[in-house]
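The residues making up each chain are set out below.
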Amino acid sequence: MRWYWIDRFIEFESGQRAKAIKNISLAEEHLHDHFPGYPVMPNSLIIEGLAQTGGLLLYEHSQFQNKVVLAKVPVARFHYQAIPGDTLIYTATVDYIHRNGAMVTATSHKGEELQAETEIVFAHLEGEMGQKTLYDPLDMLQMMRVLRAFEVGHAADGSPLLEPSCLDGAENSDPAV
Amino acid sequence: MPTKEEILENIRTALVDALGVDDDEVTPEATLVGDLGAESIDFLDIVFRLEKAFEIKIPRGELFPEDVLTNAEYVQDGKVTEAGMAELRKRMPFANLDSFAENPAVQDFGNLLTVADMCRFIETKVEVTG
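Chain order of the listed sequences is X and Z.
Numbering of the first sequence is given in this note's numbering, commencing with residue 1 and proceeding in unit increments.
Numbering of the second sequence is given in this note's numbering, commencing with residue 1 and proceeding in unit increments.
Mixed in with the good hints, there may be bad ones.
[Unchecked claim] The calculated lysine-lysine pairs, modelled on BS3-like cross-linking and capped at a C-alpha distance of 27 Å, are:
# : chain 1 : residue 1 : chain 2 : residue 2
1 : Z       : LYS90     : Z       : LYS57
2 : Z       : LYS52     : X       : LYS67
3 : Z       : LYS90     : Z       : LYS79
4 : Z       : LYS90     : X       : LYS67
5 : Z       : LYS4      : Z       : LYS52
6 : Z       : LYS79     : Z       : LYS4
7 : X       : LYS72     : Z       : LYS57
8 : Z       : LYS79     : X       : LYS72
9 : Z       : LYS57     : Z       : LYS4
[As the list claims (entries may be wrong)] Facing chain Z, from chain X, some residues (calculated, C-beta under 7 Å):
#  : residue
10 : ALA71
11 : PRO74
12 : PHE78
13 : PRO84
14 : HIS98
No lab work stands behind these hints: they were computed from the structure.
Given the structure is predicted, the values throughout are model-derived calculations rather than measurements.
Backbone N, C-alpha and C fix where the C-beta goes; we use that ideal spot for every residue, glycine too.
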């Protein structure tokens with residue numbers, strides 16, 4: 001299942017901040033039901049896009065070890081609707097990283113105008129839940145590549161962000177590749 | 001080095017931000033679960049805010065010893081045993097467990113923690129002035 005609610009990273013500073021763009025298109029099926037004749041980007045999917053921006057940032061920061069999930073949205077304010085043809089810029093900034101999770105402030109802008117602001121709490125799954133494979137590591141690698149994270153990203157020391165070696169094995173061992 | 005008043009103020013801010021309650025609802029006697037509506041996921045949020053506000057670390061189970069409540073040694077038929085109560089008292093010197101001890105049903109434990117308990121907990125982790 002394809003569940004991309006961001007289209008590309010434009011900034012990716014490991015452990016600190018990431019920016020991604022989301023282009024809203026009439027080719028997205030759900031817009032024709034939300035609402036018929038009056039397409040509006042659902043705020044819940046804006047939150048999902050903000051969570052993906054922040055969640056991937058946290059996932060990379062843990063050297064792709066922590067299974068990061070969206071746990072809670074304490075604050076979500078939407079100042080106006082986002083509609084087809086808009087390009088939203090999502091900015092996720094890490095407020096606090098903890099062994100069990102993290103807090104991120106994430107905003108959505110249309111150009112210079114603030115469209116939405118949220119606070120998102122992520123949890124790191126551990127114990128029994130942590131052992132389950134949430135997704136194929138190869139899918140994760142492809143998602144980060146497709147979103148161009150490794151083209152714009154920087155590691156903590158400022159050097160270019162490199163693809164993780166732990167996921168290389170998954171790619172090379174896949175007979176379909 | 002915060003005063004007791006400052007500790008309460010910082011805890012109040014953390015609970016208002018995490019739980020969406022009003023300032024005046026966060027009284028020392030208010031219980032986190034019963035009066036302020038905290039759910040399990042909120043405790044993760046609250047711990048993060050407290051750690052950040054006071055620059056401390058709160059290891060898992062230190063504020064809320066969930067491992068005692070799920071341990072067969074300490075819980076029987078949904079009630080905390082004497083050994084369990086002793087362990088809880090040892091782990092939570094900041095909380096008043098007397099009324100809970102009268103009927104120590106595990107399902108009621110969540111409603112034990114008050115804002116005042118949290119203040120006392122923080123006081124054990126930071127140097128308090130005044």
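Results of checking the hints against the structure:
no.: 1; hint: Z:LYS90 with Z:LYS57; verdict: 19 Å, holds
no.: 2; hint: Z:LYS52 with X:LYS67; verdict: 22 Å, holds
no.: 3; hint: Z:LYS90 with Z:LYS79; verdict: 18 Å, holds
no.: 4; hint: Z:LYS90 with X:LYS67; verdict: 33 Å, violated
no.: 5; hint: Z:LYS4 with Z:LYS52; verdict: 17 Å, holds
no.: 6; hint: Z:LYS79 with Z:LYS4; verdict: 34 Å, violated
no.: 7; hint: X:LYS72 with Z:LYS57; verdict: 21 Å, holds
no.: 8; hint: Z:LYS79 with X:LYS72; verdict: 30 Å, violated
no.: 9; hint: Z:LYS57 with Z:LYS4; verdict: 19 Å, holds
no.: 10; hint: ALA71; verdict: 5 Å, holds
no.: 11; hint: PRO74; verdict: 6 Å, holds
no.: 12; hint: PHE78; verdict: 16 Å, violated
no.: 13; hint: PRO84; verdict: 32 Å, violated
no.: 14; hint: HIS98; verdict: 6 Å, holds
In this structure, the hints that do not hold are numbers 4, 6, 8, 12, 13, in rising order.
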